[in-house]
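Chemist: Note that the protein sequences, when read in sequence, are chains A and B.
The number in this note's numbering is simply the position in the first sequence, starting from 1, with 24 added.
The number in this note's numbering is simply the position in the second sequence, starting from 1, with 962 added.
Since the hints were made in silico from the structure, they are not lab data.
Careful, some of the hints might be misleading.
Unchecked claim - Cβ pair distances, simulated, as ranges:
{"no.": "1", "chain 1": "A", "residue 1": "E40", "chain 2": "B", "residue 2": "D967", "range": "24 to 30 Å"}
{"no.": "2", "chain 1": "A", "residue 1": "E40", "chain 2": "B", "residue 2": "G1119", "range": "48 to 54 Å"}
{"no.": "3", "chain 1": "A", "residue 1": "N79", "chain 2": "B", "residue 2": "A1060", "range": "26 to 32 Å"}
Unchecked claim - Below, simulated DMTMM-like cross-link-like pairs (lysine to aspartate or glutamate); rule was C-alpha separation at most 20 Å, straight line:
{"no.": "4", "chain 1": "A", "residue 1": "K172", "chain 2": "B", "residue 2": "E968"}
{"no.": "5", "chain 1": "B", "residue 1": "K1160", "chain 2": "B", "residue 2": "E1095"}
{"no.": "6", "chain 1": "B", "residue 1": "K1160", "chain 2": "B", "residue 2": "D1190"}
{"no.": "7", "chain 1": "A", "residue 1": "K172", "chain 2": "B", "residue 2": "E966"}
{"no.": "8", "chain 1": "A", "residue 1": "K172", "chain 2": "B", "residue 2": "D967"}
{"no.": "9", "chain 1": "B", "residue 1": "K1160", "chain 2": "B", "residue 2": "E1131"}
{"no.": "10", "chain 1": "A", "residue 1": "K172", "chain 2": "A", "residue 2": "D118"}
{"no.": "11", "chain 1": "A", "residue 1": "K172", "chain 2": "A", "residue 2": "D122"}
{"no.": "12", "chain 1": "B", "residue 1": "K1160", "chain 2": "B", "residue 2": "E1106"}
Built from N, CA and C at the ideal position, the CB exists for glycine as well.
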Amino acid sequence: MMTAVWEEPLVELYRERYEPMVRLAYLLTGDRAAAEELVQDAFVNVHRSWDRAANPPAYLRATVINACRSWGRRRNLELVRRPAAPDPPMLVADEMWDALQTLPHRQRAAIVLRFYEDLPDARIAELLGCREATVRTAVHRGLARLRKEIER
Amino acid sequence: MTTEDEVRTMLRRHADEVTPSADAWERIEARIDDQPALRHWPIAAAIAVSAALVVAVLAWPEDRETRVVTPATTSTTVATNRAQNTRTVLIFLTDTEAECGVVRPVERQVPDTKAVAIAALQELFSGHVTEQERGAGLHGFGPETAGLLRRLWVEDGIAYVDLNASHREAIAQAGTSCGGVVFGAMIGSTLRQFPTVKDVRYAFDGDPRAFVEFQQGYCPDDPIPPGDPCDPRPWGVRGGGIVAVWPAADAAGMAVLQEAADRGDRPDLLDPVGVASGYLGELAPRDESPVSFTLGEFAEGDANSGEVPYTVPGGKESHGVALLRRAGPEAIWTVVGLTSDAIEILAAGSDGDLLTVDVRTTEEGSLFTSDGGAGPVGANEVGTHGFEARTRVVSFKLRAYDGTTAFASAMVANLPPS
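So that you can see chain A by itself, here it is in the shape it has in the complex (with noise of 0.2 Å):
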């Protein structure tokens, strides 16, 4: 792989962040494609802005979670626009996976974040823009939906 020598530190950060971006970004749309898409545009994001940004991987971070929010907006409204075309069935039913999809971002993101990145509530807060309350709140929330799904 040829590399410009300013890209060195973005490679580095390329081989240790893009496959947990990926499926971070994957658990937080659900939808693979895009997950692949919203990271690689993050790397571009972060790449314009290496010079004001002093934590990259947080950065990224960040990008990559607002982003997953921008997509879920934007594909809601193009739902209510025009319904989508029914998914493909699945091999496995997964109650608890379908009922993940339907969580409000901030619930969804919250609980990806505790139980898949296993990061404290006051990171996630600073991921999130809200209070650590809020964080705990969501994913009491979240949870109590998930709950609901599994004892259906």
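With the hints as your guide, set chain B onto chain A.
Modeler: Relative to the frame of chain A, chain B by itself:
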């Protein structure tokens, strides 16, 4: 197995199913190649203007109180590039190699909005300093001050800078003697490049006394004379109530921010529609139509989270929402607020005039509250706090915005019954 464990397992299982495409890096490179050559523009811009600025700085008189290097007038330095929807402004960074309080101007591109002073200050608070500027001994704020600005408006030559108290720790240095001088110098000089600004006043969440005391100053006893830095009158919110603050002064500025959020260019900026929609999504299923409620006293809002701390009877603190949203570029802006009475939407230009708006109630839902983070308080628990409340979603359409130094996007006031 607990629900938490099941969620963990479920998330890991689905995450492990993801296999990134082999050509991902090539795709990223291709996209980078398609980008305009932006990466080094701040350095290039700094180099391009440095010679002129050095001459100008040397010629500028020092401010008496703060030893701030201040241009007599810099209106000619504010260039507009409407084709690219940006304009050039100066922000002032502290020179760590000079005496305390000496600041130097550097050039920045900001969105071409009427609220250019807000844009300049947002840029200063973004903490963006190039390596070249750092190498020259210039320092600014850190990235943690990105959400520091709550409101800004200019009236009678005075710029009122309302800061988020929740970001107080991010500017802890401003509470020291030299740090306070530097803080005032960077902000004051950045604002005084605009001819309408002669002086600057500060407050935390609309409380000037809090800021003065944070800087280890003292306020005179009541009655505080008009014009005193502790004078609360200019900061007053009509009717008390809550303020939905947005870092844009008008629909155009909001659109610029929205687009930036959509592109992912502003990870420090919450997607306004996304945030509001999230709350609406939470609110919608909770329309349980309470039969009565007694509202607590609203405090001023938290601009960053969009949450509004308020106090319910008995002194218990909780949070609500006061948010702006819209569904598209020309759609109606929506304010989501908590109130028991009429909501009045206000917006003010530099002259303080009210903005004419159409207001209509579109939706009501029951109030959800956060009980100190312990969990949700739904309809069943409302009674235990001795109150009930409900949200009211109000839509309004901005007809016009007049005033080049406008400050707030909208204000949601909790007014007493007429």
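Chemist: Just tell me: holds or violated, for the beta carbon distance of A/E40 and B/D967 against 24 to 30 Å?
Modeler: Distance hint for A/E40, B/D967 holds at roughly 28 Å.
Chemist: Does the Cβ-Cβ separation between A/N79 and B/A1060 fall within 26 to 32 Å?
Modeler: This hint holds: roughly 29 Å between Cβ atoms.
Chemist: Between the alpha carbons of B/K1160 and B/D1190, is the straight-line distance 20 Å or under?
Modeler: Answer holds: B/K1160 to B/D1190 is near 15 Å, not above 20 Å.
Chemist: Check whether the Cα positions of B/K1160 and B/E1131 lie no farther apart than 20 Å.
Modeler: violated (28 Å)
Chemist: Does B/K1160 pair with B/E1095 here, judged by a C-alpha cut-off of 20 Å?
Modeler: violated (27 Å)
Chemist: Quickly compare the C-alpha distance for A/K172 and B/D967 to 20 Å and report which way the hint goes.
Modeler: With Cα atoms ~15 Å apart, A/K172 and B/D967 stay inside 20 Å; holds.
Chemist: Does the Cβ pair A/E40, B/G1119 satisfy 48 to 54 Å?
Modeler: 52 Å Cβ-Cβ, so the 48 to 54 Å window holds.
Chemist: Keeping to a limit of 20 Å between CA atoms, is the pair of A/K172 and B/E968 held or broken?
Modeler: Given that 20 Å is the threshold and the Cα spacing comes to 13 Å, the pair holds.
Chemist: Take a quick look at whether A/K172 and A/D122 sit within 20 Å of each other, Cα to Cα.
Modeler: holds (12 Å)
Chemist: Run the distance test for A/K172 versus B/E966: straight-line Cα separation, threshold 20 Å.
Modeler: It holds: about 13 Å lies between the C-alpha atoms, which stays within 20 Å.
Chemist: Checking one constraint from the list: CA of B/K1160 to CA of B/E1106, max 20 Å. Satisfied?
Modeler: violated (28 Å)
Chemist: Hinted pair, alpha-carbon criterion (20 Å max): A/K172, A/D118. Please report holds or violated.
Modeler: The hint holds at about 13 Å.
Hint compliance for this structure: hints 5, 9 and 12 are not met, and every other hint is.
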